[in-house]
Amino acid sequence: MEDFYTELAEILEVDEVKREDELEEFENWDSLTILEVASMVDEKYGVTIASKEVKGLITVGDLEDLIRSKM
Amino acid sequence: MNLQYRNKKISGILAVVPQNEVRFDDEVENYNFSVKQSMKLKKIMGYDRHRIVTEGTCVSDLAICGLKYLLDEGLIYKDEIDALVLMTQTPDYFMPPTSNVIQGKLDLKQDMVCLDVKQGCAGYLVGLMQSFSLLEQDAINKVALVNGDVLSRKTSPQDRNTFPLIGDGAAVTIVEKNPGNSEIFANIKMDGSHRNALIIPAGGLKMPSNQDTAVMKMDEEGNSRCLDHWFMDGMAVFNFVVNEVPPMINNLMEFSGVGLEDVDYFMFHQPNKFMLQRLADKMDVSYDKMPYNIVENFGNSSGATIPTNIAFNLGDKLLNHSYLTCLAGFGVGLTASSMLMRIGPLDFCRMIEY
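Heads up: the sequence lines are chains R and Z, in that order.
Heads up: the first sequence begins at 1 in the working numbering, then just goes up one per residue.
Heads up: the second sequence begins at 1 in the working numbering, then just goes up one per residue.
None of these hints come from the bench; they were simulated from the model.
Any given hint might turn out to be false.
Said to hold, decoys possible - Some chain R residues flagged as far from chain Z (calculated, every beta-carbon gap over 12 Å):
no., residue
1, 21
2, 58
3, 61
To be verified - Below, computed lysine to any residue pairings styled on SDA-like, alpha-carbon distance capped at 20 Å:
no., chain 1, residue 1, chain 2, residue 2
4, Z, 43, R, 36
5, Z, 42, R, 40
6, Z, 40, R, 7
7, R, 44, Z, 244
8, R, 55, Z, 281
9, Z, 43, R, 40
10, Z, 40, R, 40
11, R, 55, Z, 233
12, Z, 36, R, 13
13, R, 44, Z, 277
14, Z, 36, R, 24
15, Z, 282, R, 71
16, Z, 273, R, 30
17, Z, 42, R, 29
18, Z, 189, Z, 251
19, R, 52, Z, 220
20, R, 52, Z, 282
21, Z, 206, Z, 43
22, Z, 42, R, 10
23, Z, 68, Z, 109
24, R, 44, Z, 281
In this text the structure is predicted, and so the values were computed from the model without any measurement.
Backbone N, C-alpha and C define an ideal beta-carbon position, used for all residues, glycine too.
Work out the full structure: start from the sequences and follow the hints.
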């Protein structure tokens, strides 16, 4: 999952993201972004994530852990 | 479920779009999102302009406009329409069927079948299946299949999840017996466990519309809608489509014995550019074989998107050519369906405005 942070930064339109960054702090963190993340994760890792699962997440690390747990 | 039909064909397609065009850029201020967020949405989903009916326009108006045009142009005749199948989620009334309304207003013959079927995004596929089944009867030689919806009337202008993508429209497809030896392959899947992913909660008998269902409420994301408006869980629909459609198409190819590379066009339902590009990528199909420009030009008119897609993107080419075409519709229900058939040469394939 080494690409994950680069891909996520691109979707969020920021220079970089760190594991401890809070998702809600990004201006672009909305349903569209979550859809783009779901699409990227499906494409790159063959993993399906649901909006309910994403709602409870606080940090970028939580998102990474959710995806890892499904791989 | 695999389905097979023999000796049936589409002989003409007419798409009807309302004249009234609305631009996404003019609607940005209705949404509780930053301009930057809305412009990103526009770019990714391919939103630009869409066709919306003016107040009071019903699906019967669009259908009558299309059928009347065909009658006036001499492209069909009243006494040869043996069945009228109307696929809609936005009927004029609970009762009578809107197909009877259309029949009565156009003064079509009484010796015929009128049928309303409630289907949305997969409505073109289900409508063709219904038409093919009717054509098994000796007495039925020609079916007018009408797909139409005026969902803008059930959409909140302050819901960024639904309003930018919606388009009103209708299409008339003439389906008839084909003396040639043609085979049509199809499959369909129903998933009622996800019925709430696309729903208009109020207005039926489960929750009749009243003052309370008309109260606008803002969700945690900033979209406002009431229970009389349609709601979409975009992620659930996206996951359903990207997980179900590619294997469904593979099964269709296996069932028909045709290779994916032999298909000329993939004329799919048009939810948005994002989802269609993702499907094309996942299926390894080039974008020029799978048009995705209907939402940006007209909006998503539910069951009418596939014939609109064919009329807009193939149009005159289908008057002299035939193409091996893969159709697919997916959405409300949830429902997913696909079909492989040769389309063309057609007697007509065009668009008109209401």
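Verification of the supplied hints:
| no. | hint | result |
| --- | --- | --- |
| 1 | 21 | holds (19 Å) |
| 2 | 58 | holds (15 Å) |
| 3 | 61 | holds (21 Å) |
| 4 | Z:43 with R:36 | holds (12 Å) |
| 5 | Z:42 with R:40 | holds (19 Å) |
| 6 | Z:40 with R:7 | holds (16 Å) |
| 7 | R:44 with Z:244 | holds (18 Å) |
| 8 | R:55 with Z:281 | violated (28 Å) |
| 9 | Z:43 with R:40 | holds (17 Å) |
| 10 | Z:40 with R:40 | holds (16 Å) |
| 11 | R:55 with Z:233 | holds (13 Å) |
| 12 | Z:36 with R:13 | holds (11 Å) |
| 13 | R:44 with Z:277 | holds (15 Å) |
| 14 | Z:36 with R:24 | holds (16 Å) |
| 15 | Z:282 with R:71 | holds (18 Å) |
| 16 | Z:273 with R:30 | holds (19 Å) |
| 17 | Z:42 with R:29 | holds (16 Å) |
| 18 | Z:189 with Z:251 | holds (12 Å) |
| 19 | R:52 with Z:220 | holds (13 Å) |
| 20 | R:52 with Z:282 | violated (24 Å) |
| 21 | Z:206 with Z:43 | violated (38 Å) |
| 22 | Z:42 with R:10 | holds (17 Å) |
| 23 | Z:68 with Z:109 | holds (14 Å) |
| 24 | R:44 with Z:281 | holds (12 Å) |
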